[in-house]
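Participant: So the sequence lines, in the order shown, correspond to chains V and P.
If you count the first sequence from 1, position 7 lands on 260 in my numbering, and the numbers rise without skipping.
If you count the second sequence from 1, position 116 lands on 117 in my numbering, and the numbers rise without skipping.
Be a bit skeptical, because a hint or two may be false.
[What the hints assert, rightly or not] Computed cross-link-like contacts, DSS-like style, restricted to lysine-lysine with a CA-CA straight-line distance of at most 27 Å:
(1) P/Lys178 / P/Lys230
(2) P/Lys191 / V/Lys674
(3) P/Lys265 / V/Lys674
(4) P/Lys280 / V/Lys454
(5) V/Lys846 / V/Lys833
(6) P/Lys11 / V/Lys692
(7) V/Lys454 / P/Lys265
(8) V/Lys692 / P/Lys6
(9) P/Lys178 / P/Lys213
(10) P/Lys15 / V/Lys692
(11) P/Lys178 / P/Lys191
(12) P/Lys213 / P/Lys130
Just so you know, these hints were derived from the structure itself, not from any lab.
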Amino acid sequence: MASIPAASGPSRPRCPESSQGPVDSPPGPRASRVQFLHGGTLSARNSVVVRLAGESGEGVISCGDILTQAAARGGYYTQTFRTFPAEIKGGPCMYQFRLSDEPIWSHGKDVDLLVCFNQEAWDLNWDSLGPEGVILYDSIEVTIPDEYIERARPVRMDELAKEIGGSTRAKNMVAAGAIAAVIAFDTTPIEELVLRRYAHKEGVADANIAALHAGAIEAHDLKGRYPLVPPVEVEEDRMLISGNQAIAVGAVAAGVKYFAGYPITPASDILEWLSVRLPQVGGLTIQCEDEIASLASVVGASYTGAKAMTATSGPGISLMNELIGYAGTAEIPVVIVDAQRGGPSTGLPTKTEQSDLNQALYGSHGEAPRVVMAPVSVEDCFYSIVDAFNYAEEFQVPVLLLTDQGLATRLEVIHRPDPEKLNIVCRTTSAGIAREDYKRYEYTDSGVSPMGLPGEPEGMYVATGIEHDEYGHPGYTPEIHLGMQTKRLGKLEPIRETSRVATHGEAQPADIAFIGFGSTFGPVREAVDRLAEQGLSVGAFYPRVLGPFPASRAEEFVANAKRIIVPEVNYTGQLARLIKAETTINELESVAKCDGLPFTAEAIIDLAAQEVAA
Amino acid sequence: MSTRKPNDYKSELKPIWCPGCGDFGVLASLYRSMADMDLDPSRTVIVSGIGCSSRLPHFASTYGIHTLHGRPLPVAMGVKLANPDLTVIAVGGDGDGFAIGAGHFPHASRRNIDVTYLVMDNEIYGLTKGQASPTSLFEQKAPSTPFGNPEDPLNPLALAIAAGASFVARGASFNTKALTELITQAVEHKGFSYIDAMSPCTTFNNTQESWKDAVTDVAPDHDPTDRVKAFDLALRGGFSLGILYRQERTTQTERYRAILEQAKPSDVNVMLDGFNARKGAAIGKPA
Ligand SMILES: Cc1ncc(C[n+]2csc(CCOP(=O)(O)OP(=O)(O)O)c2C)c(N)n1
Ligand code: SF4
Numbered sequence: 254m255a256s257i258p259a260a261s262g263p264s265r266p267r268c269p270e271s272s273q274g275p276v277d278s279p280p281g282p283r284a285s286r287v288q289f290l291h292g293g294t295l296s297a298r299n300s301v302v303v304r305l306a307g308e309s310g311e312g313v314i315s316c317g318d319i320l321t322q323a324a325a326r327g328g329y330y331t332q333t334f335r336t337f338p339a340e341i342k343g344g345p346c347m348y349q350f351r352l353s354d355e356p357i358w359s360h361g362k363d364v365d366l367l368v369c370f371n372q373e374a375w376d377l378n379w380d381s382l383g384p385e386g387v388i389l390y391d392s393i394e395v396t397i398p399d400e401y402i403e404r405a406r407p408v409r410m411d412e413l414a415k416e417i418g419g420s421t422r423a424k425n426m427v428a429a430g431a432i433a434a435v436i437a438f439d440t441t442p443i444e445e446l447v448l449r450r451y452a453h454k455e456g457v458a459d460a461n462i463a464a465l466h467a468g469a470i471e472a473h474d475l476k477g478r479y480p481l482v483p484p485v486e487v488e489e490d491r492m493l494i495s496g497n498q499a500i501a502v503g504a505v506a507a508g509v510k511y512f513a514g515y516p517i518t519p520a521s522d523i524l525e526w527l528s529v530r531l532p533q534v535g536g537l538t539i540q541c542e543d544e545i546a547s548l549a550s551v552v553g554a555s556y557t558g559a560k561a562m563t564a565t566s567g568p569g570i571s572l573m574n575e576l577i578g579y580a581g582t583a584e585i586p587v588v589i590v591d592a593q594r595g596g597p598s599t600g601l602p603t604k605t606e607q608s609d610l611n612q613a614l615y616g617s618h619g620e621a622p623r624v625v626m627a628p629v630s631v632e633d634c635f636y637s638i639v640d641a642f643n644y645a646e647e648f649q650v651p652v653l654l655l656t657d658q659g660l661a662t663r664l665e666v667i668h669r670p671d672p673e674k675l676n677i678v679c680r681t682t683s684a685g686i687a688r689e690d691y692k693r694y695e696y697t698d699s700g701v702s703p704m705g706l707p708g709e710p711e712g713m714y715v716a717t718g719i720e721h722d723e724y725g726h727p728g729y730t731p732e733i734h735l736g737m738q739t740k741r742l743g744k745l746e747p748i749r750e751t752s753r754v755a756t757h758g759e760a761q762p763a764d765i766a767f768i769g770f771g772s773t774f775g776p777v778r779e780a781v782d783r784l785a786e787q788g789l790s791v792g793a794f795y796p797r798v799l800g801p802f803p804a805s806r807a808e809e810f811v812a813n814a815k816r817i818i819v820p821e822v823n824y825t826g827q828l829a830r831l832i833k834a835e836t837t838i839n840e841l842e843s844v845a846k847c848d849g850l851p852f853t854a855e856a857i858i859d860l861a862a863q864e865v866a867a
Numbered sequence: 002m003s004t005r006k007p008n009d010y011k012s013e014l015k016p017i018w019c020p021g022c023g024d025f026g027v028l029a030s031l032y033r034s035m036a037d038m039d040l041d042p043s044r045t046v047i048v049s050g051i052g053c054s055s056r057l058p059h060f061a062s063t064y065g066i067h068t069l070h071g072r073p074l075p076v077a078m079g080v081k082l083a084n085p086d087l088t089v090i091a092v093g094g095d096g097d098g099f100a101i102g103a104g105h106f107p108h109a110s111r112r113n114i115d116v117t118y119l120v121m122d123n124e125i126y127g128l129t130k131g132q133a134s135p136t137s138l139f140e141q142k143a144p145s146t147p148f149g150n151p152e153d154p155l156n157p158l159a160l161a162i163a164a165g166a167s168f169v170a171r172g173a174s175f176n177t178k179a180l181t182e183l184i185t186q187a188v189e190h191k192g193f194s195y196i197d198a199m200s201p202c203t204t205f206n207n208t209q210e211s212w213k214d215a216v217t218d219v220a221p222d223h224d225p226t227d228r229v230k231a232f233d234l235a236l237r238g239g240f241s242l243g244i245l246y247r248q249e250r251t252t253q254t255e256r257y258r259a260i261l262e263q264a265k266p267s268d269v270n271v272m273l274d275g276f277n278a279r280k281g282a283a284i285g286k287p288a
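Could you put together the complete structure from these sequences and hints?
Facilitator: So, in structure tokens, the structure goes:
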């Protein structure tokens, strides 16, 4: 499988890479680069960052979605980031998307085009504007301070929408038209999408397209202010997909047949998507009365041999903890997705955080085996859920897959995975072992014992969470407990050496080594490239499996580094503590950021600069 | 014709219950009933929670899952949904089913999961040494209720009927012949069948003799298909043994099977193509 192309210079030793998928390998760098007409590089990647803001329900999200979709259709790479209010009606929402003709790794920091649907939108978002950023605002709702008026243009969103369609509903299309004009984006793909969406509603499509054109005329004097480099060589295999969707479809590729869940933001998409899809492949999805019942029924389904999973967020994981210990002890494979949100308690239900790492690693009483994983991108969500099932099946353990609100809900253009090329593992069963003396929990070299499945006369046993001997019979002697703990925890040890690690930049950076997990990989990766351009020797090391931790490989990676920076989105620096606990690495800079928002590449670059200045 | 004998369902483990414990009678009835039905042990799964009674799967030579305190019903549901060919019997105590696991009981009932639920009701927590349970009587003295239980007991049969269980019956450990028959009817019933098996804890709440005196059979003219009458009978108190309620209703398994049959077959490649950026994937909506 492809690994990441080296950032610069001759080939250096690289960290072990993917056995599963071309996770970090969108197509290589473009041959030619088009210069911006009005001079000034807006960003290193010829990208445009657009932020829409308004009241939830005003069309902000649908406007962002349709533009993102149209851009993907038009051949651009895109990454989105959105925040919702926790309330259903009303409250401020924001949709940011970044477009580029080249692969992009983060949603961007400085906004080039800010679109304000109301006054609050301006009040909450003005400071995200880049130094040259322009503003589109609703002509009636919003007042812009004098110092910005030069680069702000009023758009008659409500007025035009009413004039054209008789209601303010098409307001989002007026905004979309204006945005398209500013970034010189051909509206054809938008129109195609409108026609498709309203194929059955006469007149609606026409009104929307008219609103789109009207919006474009409104912004005509900003036309082409931020022209996007048009994409060249657009492959046919690109997909526009969210982290949650990538997990759901990846689970189907892995062979999931049973999903149980309880609604919770930001994981519900997985439940909803699979409720349509699983019956189409002979499986089923059920909404349970709570997260305990969800995981309990997943345990039951897996006991029969079915690949089974659930998905939730922090509060749900809290409820599942006892069952995670059970599945580990009874050695029943289960997959649990945790789309992390801001905690503690109900916390920030619609914001992002990486604060369930401790809970995933250590939750549940006693010392229960589990594998804890964190995909680093939307594309990686697909491959990681396949890995999660593989680990669950191979080692007969619960596997927790940690994403976060940002990663779970953002849309990204990725390359279509080829299911044929996946390595799919199924558990070892007692079938064919035909033995009188079947021992479900037999001590073996690998620590993994063949699992009896109902229907196999030779495999009969009682799964249990009580300490047990090799037969599964309750037993509490020191020998049994020590023997079984060694079996259950020891069987996972090989994963330390074989798990996939996402890396970027130098394999043994001399200046700065970044170690992180999950969704911070995108901005860090981008920062690594830009810091390397400044002549620094930089690299990033992102274990996809955090428990068991790839300690020796992490140590090797930082061996030459002057600085080790560990960025994460939480308060206490959970990964930094894990690294200190698991490795010989002591001197590290823990950068724990706890504001409900993802890192930007710029913030990571600032980290590098801070110390240089100091 | 049954070819298997009750003893064929015995495991090599001897029950660890106190001498005289009602659970022996329940287990004996279960062995006999399984033999009467000639259940294939390798296609039978006994699921339990935690408690004295929940040890039962270890004493049967079938497949079994000894789960967590309060969780046998959702686990049993997962087993049955994932493999509808299996016979699934959930067992446990009154604390397991109606205290910690009470959140699952009404849902198993209304979903009509195709599982038999056999509760060994001793009106006490046996395993943790005699504390009050949700079915303990008002003013009952126990280590945790030294001044007498200040709470009224829950009525599991009325709860089951109200919540939509399609088979609701009461049996007693000291009446193994009738209990055997009830278990057989419950397992053969299509849908969620609940049996409240009176099963005295001779160590911490020895009700054996008083219960023997208190039980009566459900009147022969009782119409178990009449939900209101069944509810009335359940609420009336006393201990009527037999089937209180029985209803023919599509099971959860059948409803999911119908969903499966209606679904347009697809595969992962088609699903991936649904996200194709060039063809304009419909965000959020399956293509
Ligand atoms: C989460 C949890 N809380 C408490 C316990 C301790 N516990 C074990 S069995 C039990 C009650 C058993 O009573 P019951 O379910 O009526 O079964 P019996 O022993 O009477 O058959 C309790 C409280 C536990 N195992 N797990
Ligand atoms: S404590 Fe009670 S319920 Fe438990 S085994 Fe003894 S008699 Fe039976």
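Participant: Now tell me if each hint is right for this structure.
Facilitator: We went through each hint and held it up to the structure:
1. Taking the CA atoms of P/Lys178 and P/Lys230, the gap is about 26 Å. The hint holds against a cut of 27 Å.
2. Straight-line distance between C-alpha atoms of P/Lys191 and V/Lys674 comes to about 43 Å, which puts the hinted pair past the 27 Å bound.
3. Note on P/Lys265 and V/Lys674: the hinted pairing holds, with a Cα-Cα distance of about 25 Å set against a maximum of 27 Å.
4. The hinted pair formed by P/Lys280 and V/Lys454 meets the criterion: a straight-line CA distance of about 21 Å does not exceed 27 Å.
5. Of the pairs offered as hints, the one joining V/Lys846 and V/Lys833 holds, with about 19 Å between alpha carbons and a cut-off of 27 Å not exceeded.
6. A hinted pair counts as satisfied when its Cα atoms are at most 27 Å apart, and P/Lys11 with V/Lys692 qualifies at roughly 18 Å.
7. With a C-alpha separation of about 25 Å, the suggested pair V/Lys454 and P/Lys265 falls inside the 27 Å cut-off, and the hint holds.
8. A threshold of 27 Å between alpha carbons decides the hint, and for V/Lys692 with P/Lys6 the separation of about 25 Å falls inside it, so the pair holds.
9. Our distance criterion of 27 Å between C-alpha atoms is met by P/Lys178 and P/Lys213, whose separation comes to about 14 Å.
10. Proposed proximity of P/Lys15 and V/Lys692 is supported: the alpha carbons are some 18 Å apart, at most 27 Å.
11. Using a Cα cut-off of 27 Å, the hinted pair P/Lys178 and P/Lys191 holds, with the two alpha carbons roughly 22 Å apart.
12. Restraint check for P/Lys213 and P/Lys130: satisfied, since their Cα atoms lie roughly 23 Å apart, inside the 27 Å limit.
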